[in-house]
Structure formats: structure tokens, C-alpha cells
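Engineer: Model the full structure from these sequences, guided by the hints.
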Amino acid sequence: MRNLGPPLIFLVLLLLGWDVLHLQIANGSISSPREAGARLVALMSGARFWADVGETGFAFVIACLLSIMFGVLIGVGLGLSRLATEAFEPILVTFYSLPKVILYPLVLLAFGLGASAKIAFGVMHGLVPMALLTRNAIAEIKPVYLRSANVMQLDGFATLRLVLLPAVLPELVGGMRIAFSLSLLGVLIGEMFAAKRGLGFAAMNAMGLGDINTILAIGLFLGTFSVLANVMMLSVERSLRHVHSNSVTQAA
Amino acid sequence: MDDVSHQVSARETGEQAIIAKLSGVTRDYPAARGAKPLHALGPIDLELKQGEFFSVVGPSGCGKSTLLDILTGLSPPTAGTATFEGKRIHGVPDGVGVVFQEDATFPWLDVEANLSFGLKQLQLSARERQDRVEQALRIMGLVGFRSAFPAQLSGGMRQRVCIARTLVTQPRLIVLDEPFGSLDQQTRLLMGDELLRIWRETGATVFFITHSIDEAVMLSDRVGVMSARPGTFIDMLETGWAQKRDSRNVADPHFGKLTGQIWGKLRGEALRQMQLQNDVAL
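Here the protein sequences come in this chain order: E and X.
First residue of the first sequence: 1, per our numbering; consecutive thereafter.
First residue of the second sequence: 1, per our numbering; consecutive thereafter.
You can take every hint at face value.
Result set (EDC-like, lysine to aspartate or glutamate): computed pairs, CA atoms no more than 16 Å apart in a straight line: (1) X/49 with X/238; (2) X/49 with X/85; (3) E/142 with X/103; (4) X/244 with X/201; (5) X/120 with E/155; (6) X/244 with X/194; (7) X/257 with X/214; (8) X/21 with X/52; (9) E/142 with X/102.
Stretch-level coverage of chain X by chain E, calculated; a stretch enters the list once three of its residues show a Cβ under 8 Å from a Cβ in chain E: (10) 96 to 107; (11) 114 to 125.
Distance windows between CB atoms, simulated: (12) E/235 with X/147: 18 to 28 Å; (13) E/226 with X/190: 49 to 59 Å; (14) E/86 with X/197: 42 to 52 Å; (15) E/10 with X/123: 47 to 57 Å; (16) X/32 with E/95: 30 to 40 Å; (17) E/89 with X/128: 45 to 55 Å; (18) X/182 with E/116: 48 to 58 Å; (19) X/32 with E/139: 13 to 23 Å; (20) X/23 with E/95: 48 to 58 Å; (21) X/23 with E/81: 29 to 39 Å; (22) X/36 with E/97: 34 to 44 Å; (23) X/130 with E/235: 28 to 38 Å; (24) X/251 with E/236: 47 to 57 Å.
To be clear, the hints were calculated from the coordinates, so they are not data collected in a lab.
All C-beta atoms, glycine included, are put in the ideal place defined by N, C-alpha and C.
Structural biologist: Have a look at this one:
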């Protein structure tokens with residue numbers, strides 16, 4: 001895992017900065033990393049925490065998968081049709097720039113209270129960047145790949161499956177990293193505003209109680225999970241990009 | 001035509017069958033915003049003889065690649081007819097292989113997988129597929145690189161993979177669009193030798209597009225010289241090389257005579273094409 005070094009260094013610097021903030025600026029009103037860590041250990045020994053993790057994790061996995069699946073489909077559609085791009089891309093970009101939380105009441109009306117609303121909110125965050133990154137990747141594909149597929153008499157579906165998608169795979173993994181983070185964000189925000197379970201709800205509950213230790217402990221848990229997952233995906237993306245790169249290195 | 005030791009008339013086979021024919025082919029492109037429609041090509045009349053090595057030279061932008069697109073069925077002509085083995089061309093015909101100027105290797109596949117990719121649409125047994133791949137690897141000198149990915153290969157080697165990927169389909173007409181354009185001069189000459197060897201071994205017809213007069217004369221039985229846009233054939237030269245030839249023919253006095261003759265036709269066209277491009281730029 002050659003990419004672990006820089007994120008680990010950044011993590012250590014972050015913890016140091018957090019400690020400085022705790023000692024010098026926030027006058028003890030922000031827990032130290034040690035206190036947050038201890039609180040996290042305590043939380044992790046309770047069944048309630050893992051029930052919240054399971055609740056958030058389920059919604060997140062579904063939201064992330066849907067974001068990636070529909071994002072890729074929309075992105076491919078936009079990438080292959082100039083008309084579709086001209087019609088829909090401005091709408092998607094505008095939607096992406098909106099603070100999605102203002103639409104949450106509509107999501108609740110449509111999906112009701114429960115996992116579906118959180119999943120929908122997660123998809124609303126993750127889908128658009130996935131679609132736009134896929135579209136850009138398709139638009140940037142070397143035309144000679146498509147011409148080659150044409151010469152080999154591949155039909156549209158075979159071209160998509162065997163040429164287009166493999167050609168844009170590194171960019172897709174890059175898009176998945178973004179969709180991963182934003183879907184998690186969407187699910188957590190959804191839980192903060194209308195849920196009775198999940199890590200977002202637990203954090204909101206702790207905010208109401210002024211329990212800074214718990215808030216930071218949950219933040220530490222989520223941050224660690226996200227960083228590790230992102231590092232793994234980045235590693236996959238880099239190895240794919242390495243294979244795809246056309247830098248000339250003479251073979252022996 | 002000068003009398004030189006290895007120079008005998010190309011393909012002394014008497015009348016050769018026609019494998020592909022273009023009759024009155026033209027290509028117009030519709031007007032872009034605020035511009036006039038572009039008459040890019042033609043009218044072109046051409047008969048490609050079975051087993052010949054035919055090259056096209058012309059100024060940049062004269063429509064050589066458009067001609068390739070029409071001959072391979074990648075795009076239709078605006079007017080006229082294009083036929084391959086007597087059948088009108090609609091889409092890429094069976095039996096036609098194309099090698100593009102750009103590196104068309106698929107970087108996510110190793111060399112062997114790149115080659116067998118070309119056979120995906122053919123109904124072949126696994127044995128037949130493997131035999132063809134092995135043969136192409138051997139012909140192109142890629143046996144030691146079968147597991148390498150394109151990123152690990154030089155530009156020349158990647159172009160060999162592209163040619164090999166075309167060869168596995170056993171095309172009867174191999175169309176090459178400036179395939180050595182990005183290579184250095186020495187590699188180009190050696191790749192030209194490789195191409196001549198493949199041409200002799202496979203017996204395929206070769207349609208070779210290049211902007212290099214030297215390359216066209218060195219490799220070909222016949223050279224078609226194209227005018228500035230809209231590209232038409234302004235001359236057609238028989239080189240008279242023996243079938244068994246290689247890049248050493250550049251030292252032949254006849255080579256200089258032929259290149260001089262082509263440049264004599266082409267110089268004015270190249271100047272006219274530059275003028276056309278300047279007019280568009282202004």
C-alpha cells in the first residue's frame with residue numbers, strides 16, 4: 001500500500017493541529033484527540049453504536065451503489081450524445097451547485113421518514129459528480145479506440161463493454177471516490193435532519209446535549225473510515241492509470 | 001525506367017484482378033456555422049489490383065484520410081460508388097483491416113490480449129484463435145513481449161502490435177493511414193521492411209497512405225499522387241520494383257528519379273494547399 005505514507009503524515013498533522021486547537025485556542029471547550037479517542041473506544045464497546053453504524057452503513061452502501069450505477073449510465077448517455085449533453089448538463093451542474101438540504105423536505109415528502117429518504121439524499125449528493133466525471137471521461141476518450149472498434153465490427157453494446165468502459169476505468173474509479181465521499185455526506189446529513197437511528201442522528205443528538213466528546217468521537221470514526229477507503233480506491237485508481245499511461249518505457 | 005539489378009516489373013503476373021474500386025467518389029462536409037460547405041475529396045477513380053502495394057501521397061489536408069474512410073467503409077461517399085471484391089461498401093467489409101496513424105493499442109490489455117481482441121467478432125475455435133495470435137506474434141517479432149502492456153513498449157513496438165492485431169484477422173486488404181508517422185527515420189525504414197515482408201508473406205493487397213514521398217516510393221508498386229483539396233489523383237506512377245525488395249532501394253538511382261518526379265508534381269499542390277489553409281485561417 002505505497003500510498004499510505006502521505007495520508008498518514010497528513011493524519012498525524014491533523015491530530016497535532018487538533019491538539020493545538022484544544023490547548024491554545026478553544027481553551028478546552030474542544031476535546032483533545034486523546035479524549036475523543038477514549039470516547040470512541042467507549043462507544044465502540046456498546047451495542048447502540050454498532051446499531052447506528054449498521055443503519056448508516058446500509059443506507060450508505062445502497063446510496064453509493066445507486067450513485068455509481070446511475071451516474072455511470074447517465075454519464076455514458078451524456079458522453080455519447082451531444083444533444084443530451086447540451087440539454088441536460090447545465091441542469092445537472094445547476095442542481096449540483098444547489099445546497100441539497102433545501103430539497104430535503106421534498107425528499108421526505110416523496111420517500112417518508114426512514115432509510116429510503118436517507119438513501120435518496122445520499123444519491124442526490126453522489127450521482128451528479130459521478131455522471132459528470134463519466135461524461136468527461138467518455139468525451140476525452142481517444143477517437144481511434146472507437147474507430148478500431150468500428151473496424152473490428154463490434155456492435156454498440158460490445159463497444160461500450162469492451163472498449164469504452166475499460167478505456168475510462170481509471171476516471172470511473174476517480175469518480176467513485178468522489179461519489180463515495182458525497183454519498184456518505186448525503187446519508188449523514190439526511191440522518192441529522194430526519195432520523196431516529198444512525199451516526200448522523202447520534203451526532204445530532206450529541207450536539208443537542210452539548211456532548212463535544214461524542215461528536216468528535218463520531219467524527220474521528222467517520223474520518224478514519226473515509227480516509228482508509230479513499231486511500232484504497234486511490235491506490236486502485238493509480239495502478240489503473242499506470243497501466244493506461246502511454247509513457248514510453250522501453251521494455252527489456 | 002532505369003535498369004537496375006533488383007528492378008523487374010512489379011508482380012509480373014499479367015492481368016491482376018481488381019479487389020477494390022472507387023468510381024466518381026466525392027466527399028463533401030456540411031457547412032459549419034458561418035462557413036461554406038467543404039468539398040474535401042474527389043472525384044476519385046481508382047482500381048486496386050489484387051496483391052499490389054499501392055501508396056497515396058499528397059499535401060496535408062488534401063483528403064487522404066477521407067479517402068481511407070470511404071475505402072474502409074468508415075464513412076460513406078457523398079457521390080460515386082466504392083466496392084470491395086465486387087460488393088458495394090456499406091460499413092467496414094469483411095476482409096479489410098485498418099492500421100491507424102495514432103497508437104490504437106488498448107492500454108488495459110497486454111500484447112497477446114490486444115491481438116486476440118481483433119478476433120472477438122469472428123466465429124473461430126479457441127485453437128484457431130490461438131494459432132492466429134501465435135502466428136502474428138511471430139511475424140511481428142512480438143513473441144517475447146506477449147505479456148507486456150502497451151505502456152511498457154516503445155512507439156514502434158506499439159505500432160507493431162497494431163499491425164499484428166490487424167494481421168490476425170487475415171485481411172485481404174490492409175489499409176494503413178500513415179502508420180509510421182510518429183516514428184524516427186531509421187525505425188520507419190525498418191518498419192517499412194517489416195511491412196514489405198508481411199505483404200509478401202500474406203499476399204494481401206496494401207493501401208498505404210503517407211505524406212512521405214520517400215516512403216511511398218520505397219514501398220510501393222504504384223504511387224497515387226493527390227492534388228490539394230479537393231483531393232484528386234493528378235498522377236499515378238508504377239515504381240517497377242521487384243516484389244522482393246527492401247529499404248536498400250533508397251540507394252538506387254531510380255529511387256531518386258521517382259521521388260524527384262513525384263515532388264515535381266506535388267510541389268505546386270503543396271503550395272496551393274498551404275494557401276488554402278492560410279485562407280481558412282484568415
